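All chains, full assembly: derive it from the sequences and hints.
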Amino acid sequence: MNEVKSISKSQIWSWLKEVTDPEIPVLNVVEMGIVRNIEIDDDTVVVKITPTYSGCPAMNAIEMDINKKLRDKGLSDFKVKTDFSETWTTDWMTDEAKRKLKEYGIAPPEPTEPEKDFLSTLVAKQKIVPCPHCDSLNTKLQSQFGSTACKAQYFCNDCDQPFEHFKCI
Amino acid sequence: MSTLETKPATKQEVLHEYILRLADDRLILGQRLSEWTGFGPELEEDLAMANIALDMIGHASSLYEYAAELSGEEDRDDDYYAYFRDDTDFKNLKICELPIGDFGFTIARQFLFSSFSYFLYEQLKDSEDEQFAGIIKKHLKEIKYHLRHSREWVLRLGDGTEESHQKIQTAFDDIWMYTGELFDMDDVDKMAVKHGIGADSSGFHNDWKELVVNTMEEATLKVPDFNQYMQEGGRRGFHTEYLGHLLAQMQFLRRSYPDGEWK
Numbered sequence: 018m019n020e021v022k023s024i025s026k027s028q029i030w031s032w033l034k035e036v037t038d039p040e041i042p043v044l045n046v047v048e049m050g051i052v053r054n055i056e057i058d059d060d061t062v063v064v065k066i067t068p069t070y071s072g073c074p075a076m077n078a079i080e081m082d083i084n085k086k087l088r089d090k091g092l093s094d095f096k097v098k099t100d101f102s103e104t105w106t107t108d109w110m111t112d113e114a115k116r117k118l119k120e121y122g123i124a125p126p127e128p129t130e131p132e133k134d135f136l137s138t139l140v141a142k143q144k145i146v147p148c149p150h151c152d153s154l155n156t157k158l159q160s161q162f163g164s165t166a167c168k169a170q171y172f173c174n175d176c177d178q179p180f181e182h183f184k185c186i
Numbered sequence: 082m083s084t085l086e087t088k089p090a091t092k093q094e095v096l097h098e099y100i101l102r103l104a105d106d107r108l109i110l111g112q113r114l115s116e117w118t119g120f121g122p123e124l125e126e127d128l129a130m131a132n133i134a135l136d137m138i139g140h141a142s143s144l145y146e147y148a149a150e151l152s153g154e155e156d157r158d159d160d161y162y163a164y165f166r167d168d169t170d171f172k173n174l175k176i177c178e179l180p181i182g183d184f185g186f187t188i189a190r191q192f193l194f195s196s197f198s199y200f201l202y203e204q205l206k207d208s209e210d211e212q213f214a215g216i217i218k219k220h221l222k223e224i225k226y227h228l229r230h231s232r233e234w235v236l237r238l239g240d241g242t243e244e245s246h247q248k249i250q251t252a253f254d255d256i257w258m259y260t261g262e263l264f265d266m267d268d269v270d271k272m273a274v275k276h277g278i279g280a281d282s283s284g285f286h287n288d289w290k291e292l293v294v295n296t297m298e299e300a301t302l303k304v305p306d307f308n309q310y311m312q313e314g315g316r317r318g319f320h321t322e323y324l325g326h327l328l329a330q331m332q333f334l335r336r337s338y339p340d341g342e343w344k
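Residue numbers (our numbering), protein chains in the order written: chain A, 18 to 186; chain B, 82 to 344.
Quick caveat, the hints were computed from the structure, so don't treat them as lab data. These figures come from a predicted structure and were not determined experimentally. We put the CB at the ideal spot given by N, CA and C, even for glycine. Fair warning: there could be bad hints in the mix.
[Claimed, not checked] Some chain B residues well away from chain A (every beta-carbon gap over 12 Å; in silico): (1) 91; (2) 157; (3) 169; (4) 307; (5) 323.
[What the hints assert, rightly or not] Which residues of chain B face chain A? A partial, calculated answer using Cβ under 7 Å: (6) 125; (7) 128; (8) 129; (9) 132; (10) 135; (11) 136; (12) 139; (13) 140; (14) 215; (15) 216; (16) 218; (17) 219; (18) 222.
[Said to hold, decoys possible] Here are the simulated EDC-like pairs of lysine to aspartate or glutamate, each with C-alpha atoms no more than 16 Å apart in a straight line: (19) B:218 <-> A:103; (20) B:222 <-> A:103; (21) B:271 <-> B:209; (22) A:157 <-> B:125; (23) A:65 <-> A:100.
Laid out in C-alpha cells, this is it:
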C-alpha cells in the first residue's frame, strides 16, 4: 500500500494519464480535460472530474476506471468526485489530444466561438469541417447526432467517406 | 412516501422539491423518447432521438444525485428517485408522460418542451445555489442542441408535404392543452423564487410564446388558442393514465431485484 503522505500530485496526474476514454481509446482522461483537480488533504486524495456530456454513458466507466487505476497503484484513501463548478468545454482538450483524434479518423473540435445571442443562431450556420482522411473542405453535415453524444455525422464529397466530428461545446 | 400533503419549508427542502420536479420532467420525457430507439423514421433520426433521450436521462440523473445529497437521507441516490417512487410521488408535468404518438407528435412536444427548458434554464443558471447553477449551465449547452433539432423538424414537417403538415398540425392541436402547466406557478415555485434559487416563469412567458408563434407561422402552421382550457395537476402528483404504465415498464426490473448488481 502506498501511504498518501508519500505521494505527490504529479505522480497521481501521471497515473491518471494511463486511464483512457472507453469510447475513444486513443485519448486519456487528462488530455480530454475530464480530470479537473487533484487535492491531497491530510491523508485523503480527492480527484475531481467533470462530465463531458450529461448523457455520456462512458462517464460511469471512466469513473470506475479511475477508481481501479488508483487502487491498482496501491492507493486506498481516495475519493473521485463529480464537480459541476466549471462546465466542460472542448477547448480544454489539449492540442495533442486533437491531433490524436484526427489520426484516429475523427475530425477534432475547433475552438469555441463566444456566443452572442443564441436565439438568432437557431438556424445553425453550416461550419466547414475538414475531412480527417483527405483534408478536403468539401464536406457536409448529415446529422448533429452521431454514434455517441459528443459526435456529429459528416460526409466527405471528395473521398466519398462518412466521418465523425467531435462537436465543439 | 407520499409527499402530496407535505409542504416544504426550509430553503434546503424547497430546493430539494424544486430540483425533483425538474428531474422528474426529464426522466419521464427521456424515457418516453427512448421508445423511438430502433424505430426512428430514418437512421439519423433514430440516433438523434436516442441521443436526446440519453441527455435528458443524464440531466435527470445529475439533478437526482443533488436532490439525494440535499435530502440528508443516507443511502439515497439517483436510482432511489427513479425506481422506488410511485406515480403520485412523481411531480413531472403531464406533457412529459403522454405517449410518443407519431413522429409529428414527438417533434411538437420536443419543440414545446425544449424551448420552455431553454428559457427556464437561462434564468436558473444564475440561481444563488452554486452547485445547482453549475449543473444547469452544463445542461443548457445540450438543451440548445435539442431546441435546434426539434425546431428544424417543425419547419420541415409543417412546410413539407400535405400529409406531414396535417400530422404535425394535429399534434400541436392535441398537445396544446398540456402547455398551460409549463407556466403555472405554485407555492413551491414561489418559495424557490423567494429564496433566490428558482425562476419566475411569467418573466419569460412572452419570449416563449414569441418563439413558438414565429416558428409555427414560419412552418405555415396555425397556432392554437393560448387561452383555451388547460390541463394541470402534474406538479401535485395527479397524472394521466399513461404514467403508471411507463413506470411499470421502467421500474419493474429494479423492483424485482432491488439489490441486483451488474457483474
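A quick look at each hint next to the structure:
no.	hint	verdict
1	91	23 Å, holds
2	157	16 Å, holds
3	169	27 Å, holds
4	307	20 Å, holds
5	323	23 Å, holds
6	125	4 Å, holds
7	128	5 Å, holds
8	129	4 Å, holds
9	132	4 Å, holds
10	135	3 Å, holds
11	136	4 Å, holds
12	139	3 Å, holds
13	140	5 Å, holds
14	215	3 Å, holds
15	216	5 Å, holds
16	218	5 Å, holds
17	219	5 Å, holds
18	222	5 Å, holds
19	B:218 <-> A:103	9 Å, holds
20	B:222 <-> A:103	13 Å, holds
21	B:271 <-> B:209	15 Å, holds
22	A:157 <-> B:125	14 Å, holds
23	A:65 <-> A:100	6 Å, holds
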